[in-house]
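Asker: Top line first, the protein sequences correspond to chains A and B.
1 is the number of the first residue of the first sequence in the working numbering; add one for each residue after it.
1001 is the number of the first residue of the second sequence in the working numbering; add one for each residue after it.
Simulated from the structure, these hints should not be mistaken for lab results.
All of these numbers come straight from a predicted model, not from anything done at the bench.
Idealized CB from N, CA, C, for every residue including glycine.
Over the 12 Å line for every Cβ pair with chain B, so calculated as not near, a few chain A residues: (1) Q27; (2) R35; (3) K110; (4) S156; (5) V165; (6) D167; (7) Y171; (8) S191; (9) P206; (10) D209; (11) M220; (12) T230; (13) F233; (14) I234.
Taking lysine-lysine pairs in the BS3-like style, the calculated list, with each CA pair at most 25 Å apart, reads: (15) A:K315 with B:K1263; (16) B:K1149 with A:K142; (17) B:K1195 with A:K271; (18) A:K149 with B:K1263; (19) B:K1142 with A:K271; (20) A:K149 with B:K1271; (21) B:K1260 with A:K149; (22) A:K271 with B:K1271; (23) A:K263 with B:K1315.
Number of protein chains: 2
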Amino acid sequence: MIRIAIAGYGNLGRGVLAALRQNPDMQAAAVFTRRNPASLVLEDKNIPVVSLSEAPAWKDKIDVMILCGGSATDLPEQTPAMAQYFNVVDSFDTHARIPAHFKAVDDACKQAGTVGLISVGWDPGLFSLNRLYAGAVLPQGKDYTFWGKGVSQGHSDALRRVKGVKDARQYTIPVAAALERVRAGENPELSTRQKHTRECFVVLEPGADPARVEQEIKTMPNYFADYDTTVHFISEEELRTEHAGIPHGGFVLRSGVTGKGSKHLIEYSLKLDSNPEFTSSVLVAYARAAHRLAQEGACGCKTVFDVPPAYLSPKSGEELRAALL
Amino acid sequence: MIRIAIAGYGNLGRGVLAALRQNPDMQAAAVFTRRNPASLVLEDKNIPVVSLSEAPAWKDKIDVMILCGGSATDLPEQTPAMAQYFNVVDSFDTHARIPAHFKAVDDACKQAGTVGLISVGWDPGLFSLNRLYAGAVLPQGKDYTFWGKGVSQGHSDALRRVKGVKDARQYTIPVAAALERVRAGENPELSTRQKHTRECFVVLEPGADPARVEQEIKTMPNYFADYDTTVHFISEEELRTEHAGIPHGGFVLRSGVTGKGSKHLIEYSLKLDSNPEFTSSVLVAYARAAHRLAQEGACGCKTVFDVPPAYLSPKSGEELRAALL
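So that you can see chain A by itself, here it is in the shape it has in the complex (with noise of 0.2 Å):
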């Protein structure tokens, strides 16, 4: 049994404990808060609730810790300092910032022994092992990778800062026409425009002006003013029936030519009911792969791209090759 520690209790924390339930290989060994543990109650009353603080003291009986912490502020401090400590599998996200974080983590794995996988989940994660093995296999092509149709929680985040905005949910929709021009093997050049549009569904405060609001929506640089934005003005009650799920989804596709001119398109994608659910599954097969990496005395700071695809499977290399080669 591998000995997986939950760093972190929210929807990302909650679903790699759901994900452990699917895994007869691992059980949850401890979850870790910076709450105070004593608030927080589990389904399962036999995992253990502990102070993060603490967690060095789990240093042998742990094999394994997931980070379920955010990447603005949470995961940049925790993965490094948790690695000193325990093997660590984190999905950090921030795209410019995985130099920094891979250095960081990779110091302290080296000096402590032990395997740091972060950047796990499905982007970055599952779309850039696709990325990469689309562009090794053809090199002359193009990539492209369209997310949506899903809920964006940074724009959802930006639209609730809106003044006279009380509640609001983004959805990230990519153009059905610029995903069919690629999968005809035109090689568009795209603009942010022609690739995504978003749609806001906006709950006002008492008294707020909706013309108003919309239009500092429209108009708001970096999240808005790219795209073709669509807001429908919704009531509480709607946003709380109609937009409670977390889906989210995309595409990743590589159009290329071998030979005197032969078109190929590789194609991948996911549609996905819960963003966060399926990120945790993505991160506990992963934290297999950490534990075998470990045990084979590997160190250091890796990545999805690093790790053998036999590692994130209980079955051996013989049921492996068997059942799915």
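Since chain A is already given, all that's left is putting chain B on it; use the hints.
Answerer: Below, chain B alone, put in the same frame as chain A:
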């Protein structure tokens, strides 16, 4: 420069030569053939053409040999034989015989200290990888593989063995309605007939009876009897002009559930103008990986499941993390 040898110069061997031109870190060092080398004229006159029996003398001039023969009789003999001298990569695709082939290549590699990568291509190969990743991430779910639309060499050969058939081409076509049921998350149990249809384009010998030929095709066990099969009789001219290509492709899907019933769909698909050129491109990327594994001191037989994705790319870890993660 990684020095690549090509053993066997059919569609696959020609595809490897074309793929090498797209990979500036590799070069074609020699083409080995069982034919009279003088009978084989390459576009690039700088590449030596050598009798396969002389291959052992090239031991120190080749980093990886890519075996481009057929799975029925060539590879079971050639891959283990050549693994005594070279790191080898092949596209062995007889699923049921993979365990025996793996063992033979593994024994040869371990004795010689070489690396053997077998069953590289798209199925087995990229499709296998997708079955593995998807199954590891969604342990509670169901796999589906659909092939086509594409030319099946085996089924085209079967048509040509029917009395009265002069030439023929067979297309395997996935049933769109079945694909849609899988995408909708229905997790259907699909019979052979429900998954694929078979479309045959047949040129008759003069005087052959079309009704008898059609009947014989449609009732042929293993190949056609279990499918809805359509037979079109066409002229030799039409076969040559309209059915000269070797396109193929297909779909790997996994539909799974997490948590309290969130549904997820992972879909991977290929649409290939040229089946052999694409397979060759996969072989070349894995030749790079075989070279790296050998340089690290690895030896023995491996499959795509054992190869860290980063080994397929000429880019460094830093470059990959910055550009693709």
